[in-house]
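K.L.:
Listed here are the chains, written in short residue letters.
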Amino acid sequence: MEYLPNILFTIILVLGIGYFVRNIKKLIRNIKLGQEVDVSDNKSERWKNMARIALGQSKMVKRPISGFLHVIVYVGFIIINIEVLEIIIDGLFGTHRIGLKVLPKSVYGFLIGSFEILAVLVLVSVIVFWLRRNVIKIKRFLSSEMKGWPKNDGNIILYFEVVLMCLFLVMNATDTSFQAISSGNIISQFIAPWFEGLSAETLHIVERTAWWLHIVGILIFLNYLYFSKHLHILLAFPNTYFGSLDPKGKVNNLEAVTAEVKLMMDPNADPFAAAPEGTEDEVPAKFGASDVMDLNQVQLLSAYTCTECGRCTSACPANLTGKKLSPRKIMMDTRDRLEEVGKNIDANNGKFKDDGKQLLGDYITNEELWACTTCNACVEECPVSINPLSIILDMRRYLVMEQSAAPMELNNMMTNIENNGAPWPYNQMDRLNWKDE
Amino acid sequence: MSEQLKVPTMAEYMAEGKQPEILFWVGSAGSYDDRAKKITKAFVKILNKANVDFAVLGTEESNTGDLAKRAGNEFLFQMQAVMNIEVLNAYEVKRIVTCDPHSFNCIKNEYPSLGGNYDVVHHTQFIRELISSGRLTLEGNTYKGKRITFHDPCYLGRANSEYEAPRDVLKQTKANLVEMKRNKSTALCCGAGGAQMFKEPEKGDKDINILRTEDALETKPDIIATGCPYCNTMMTDGIKAKGKENEISVMDIAELIANT
Numbered sequence: 001m002e003y004l005p006n007i008l009f010t011i012i013l014v015l016g017i018g019y020f021v022r023n024i025k026k027l028i029r030n031i032k033l034g035q036e037v038d039v040s041d042n043k044s045e046r047w048k049n050m051a052r053i054a055l056g057q058s059k060m061v062k063r064p065i066s067g068f069l070h071v072i073v074y075v076g077f078i079i080i081n082i083e084v085l086e087i088i089i090d091g092l093f094g095t096h097r098i099g100l101k102v103l104p105k106s107v108y109g110f111l112i113g114s115f116e117i118l119a120v121l122v123l124v125s126v127i128v129f130w131l132r133r134n135v136i137k138i139k140r141f142l143s144s145e146m147k148g149w150p151k152n153d154g155n156i157i158l159y160f161e162v163v164l165m166c167l168f169l170v171m172n173a174t175d176t177s178f179q180a181i182s183s184g185n186i187i188s189q190f191i192a193p194w195f196e197g198l199s200a201e202t203l204h205i206v207e208r209t210a211w212w213l214h215i216v217g218i219l220i221f222l223n224y225l226y227f228s229k230h231l232h233i234l235l236a237f238p239n240t241y242f243g244s245l246d247p248k249g250k251v252n253n254l255e256a257v258t259a260e261v262k263l264m265m266d267p268n269a270d271p272f273a274a275a276p277e278g279t280e281d282e283v284p285a286k287f288g289a290s291d292v293m294d295l296n297q298v299q300l301l302s303a304y305t306c307t308e309c310g311r312c313t314s315a316c317p318a319n320l321t322g323k324k325l326s327p328r329k330i331m332m333d334t335r336d337r338l339e340e341v342g343k344n345i346d347a348n349n350g351k352f353k354d355d356g357k358q359l360l361g362d363y364i365t366n367e368e369l370w371a372c373t374t375c376n377a378c379v380e381e382c383p384v385s386i387n388p389l390s391i392i393l394d395m396r397r398y399l400v401m402e403q404s405a406a407p408m409e410l411n412n413m414m415t416n417i418e419n420n421g422a423p424w425p426y427n428q429m430d431r432l433n434w435k436d437e
Numbered sequence: 001m002s003e004q005l006k007v008p009t010m011a012e013y014m015a016e017g018k019q020p021e022i023l024f025w026v027g028s029a030g031s032y033d034d035r036a037k038k039i040t041k042a043f044v045k046i047l048n049k050a051n052v053d054f055a056v057l058g059t060e061e062s063n064t065g066d067l068a069k070r071a072g073n074e075f076l077f078q079m080q081a082v083m084n085i086e087v088l089n090a091y092e093v094k095r096i097v098t099c100d101p102h103s104f105n106c107i108k109n110e111y112p113s114l115g116g117n118y119d120v121v122h123h124t125q126f127i128r129e130l131i132s133s134g135r136l137t138l139e140g141n142t143y144k145g146k147r148i149t150f151h152d153p154c155y156l157g158r159a160n161s162e163y164e165a166p167r168d169v170l171k172q173t174k175a176n177l178v179e180m181k182r183n184k185s186t187a188l189c190c191g192a193g194g195a196q197m198f199k200e201p202e203k204g205d206k207d208i209n210i211l212r213t214e215d216a217l218e219t220k221p222d223i224i225a226t227g228c229p230y231c232n233t234m235m236t237d238g239i240k241a242k243g244k245e246n247e248i249s250v251m252d253i254a255e256l257i258a259n260t
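Those protein sequence lines, which keep their order, are chains A and B.
The UniProt record's numbering applies: residue 1 is where the first sequence begins, and numbers increase by one.
The UniProt record's numbering applies: residue 1 is where the second sequence begins, and numbers increase by one.
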């Protein structure tokens with residue numbers, strides 16, 4: 001019976017981490033449904049971007065209030081998690097505060113003291129975040145795509161953090177041996193008096209309960225990530241690594257199109273030639289994207305990375321003037337559809353069964369796609385290097401090249417370019433007339 | 001404004017066996033749009049004044065294909081690009097200047113992988129170069145003390161991170177440069193980008209150019225300076241919609257400098 005807590009702890013830990021790993025594998029499988037894209041170049045620049053943007057939070061602080069609060073929660077999260085290491089060792093081996101045995105008392109006290117201060121700062125920040133979402137009602141949290149689950153998700157994450165921070169402080173406050181050494185209990189010494197009058201035994205039970213709930217809470221939170229927008233705490237790192245290194249104005253040139261254009265421009269090409277040997281059965285390339293499988297793997301990773309902060313949407317000129325387009329919704333739709341496809345694959349023994357749905361039309365409408373001015377405000381705003389514009393353009397390509405479904409005025413404009421090299425119906429030979437006018 | 005603008009073509013240069021210092025890419029708007037043609041001529045006036053050895057393609061120039069690309073028509077874009085690259089490479093063009101940030105972005109960033117490699121500069125960058133090398137001097141006091149606010153074109157600013165060249169040039173006019181609340185990397189689009197110029201906007205509660213004009217009006221400007229023919233049209237329309245066309249003028253930086 002003596003080892004029962006250790007065994008129980010080990011089981012919970014293995015289950016908690018195991019289920020998380022299983023879901024991460026699923027996430028990677030889903031991302032790999034996308035088109036491959038070569039991002040093996042410029043490794044040092046990519047590492048620098050990750051260090052600056054994800055680790056260094058350089059784009060978060062562009063909006064000072066939310067940026068500053070986010071840095072506190074982020075630093076708090078990372079540093080307080082060092083404490084989890086101690087909890088895991090204690091849990092597995094039945095020790096109590098192993099840190100005190102291996103570290104000098106002053107060092108241990110300094111560490112726990114810092115964690116306690118951070119815990120309070122995180123608590124305050126999280127409460128401000130909650131107020132911003134629910135009381136101050138900042139506009140970007142109220143968009144139509146933020147109704148229902150996305151709104152609840154945002155709040156649940158905050159409640160998790162409040163509970164975890166409180167449990168950590170209570171755990172320290174009710175640990176009589178820890179309070180007795182009077183080192184590192186910077187905050188918990190003020191909480192300890194709340195429990196005065198309780199018997200030593202009850203106090204011990206409260207401490208144990210807080211300890212267990214804390215570690216179980218962390219494991220639940222870990223597993224909540226996969227179902228939540230909160231995945232950004234992990235995926236921000238790969239996403240900023242794989243983010244574009246080109247100037248924002250540069251849009252990729254479709255290679256499948258280049259091949260066809262070269263053939264068309266080649267005076268020696270035989271227009272009636274049969275397809276080269278062995279290529280007769282090849283499926284012709286699909287131009288642009290109508291579903292998640294047509295997007296590339298970085299775009300799909302970005303969909304999972306998006307934490308729905310809405311900075312993109314709050315800077316989008318189309319959205320600001322009441323159009324339906326919201327870059328955040330483009331990312332949320334992409335993730336929702338990708339999850340749907342993933343569940344379809346799970347339910348059909350690893351093979352996707354056509355469900356008669358796709359990203360275009362069932363999630364994202366033509367009206368949204370045509371409202372974009374390609375101004376890059378959303379790309380500039382994203383604190384984790386997501387590019388919603390690239391998805392919009394890939395879907396426009398599908399609309400135009402596969403469905404000829406551009407708005408009529410744009411078709412006229414393009415016909416003019418084709419016929420006379422200008423978007424208006426003017427004669428090519430008049431192109432220099434301005435000099436004599 | 002037919003004060004004998006000198007506009008040589010690449011074909012003429014070729015016939016003389018010469019190579020100009022720079023090719024001026026006029027662009028479709030600059031060639032055909034009545035308002036944009038004034039910007040084109042103002043820039044030529046500057047080039048003439050600074051004795052820049054330049055040429056245009058004239059009737060051999062065709063649309064860059066940028067509009068088609070942003071509208072999703074990659075085929076048409078690449079057809080246009082390949083045709084233009086053939087002409088540019090035949091003339092062995094090394095350096096290109098343009099008043100259109102969309103052409104600037106497209107030729108600079110999207111032509112290279114199709115075989116077109118050139119040093120491309122925006123006209124505000126080139127004017128700054130002319131001033132700092134002493135080839136162009138601004139003496140007049142036309143704009144002294146005038147309040148000028150600059151509207152960043154998306155394809156010069158965010159798309160290519162060039163925020164300073166237009167401002168450096170404007171500072172030379174002795175004007176009082178005032179910034180809108182949304183400027184540089186957070187500047188609001190005029191509403192014309194992504195081929196929107198050629199279609200009606202989707203349903204909404206306001207037009208984008210009106211919102212951007214309101215940004216500009218907050219600075220109480222005498223002049224709204226632009227660096228893009230499409231932005232110029234959108235802001236001009238915005239000012240008209242607000243009934244301010246008699247108090248505030250919308251001018252391209254090339255026009256401001258040509259008039260100094």
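By construction, these hints were calculated from the structure, which means they are not laboratory data.
On a predicted model such as this, the values are computed, not experimentally measured, just so you know.
A portion of the hints provided could be inaccurate.
[Unchecked claim] Computed cross-link-like contacts, PhoX-like style, restricted to lysine-lysine with a CA-CA straight-line distance of at most 20 Å: (1) K184/B to K62/A; (2) K184/B to K59/A; (3) K435/A to K49/B.
K.L.:
Hint by hint, note whether the structure agrees.
P.N.:
For each hint, the structure was consulted:
1. K184/B to K62/A: Distance of about 13 Å is within 20 Å: holds.
2. K184/B to K59/A: Satisfied, since the Cα-Cα distance of roughly 15 Å is no more than 20 Å.
3. K435/A to K49/B: Since the Cα atoms of K435/A and K49/B sit roughly 16 Å apart, the hinted pair holds (cutoff 20 Å).
When held up to the earlier numbered hints, the structure conflicts with none and fits them all.
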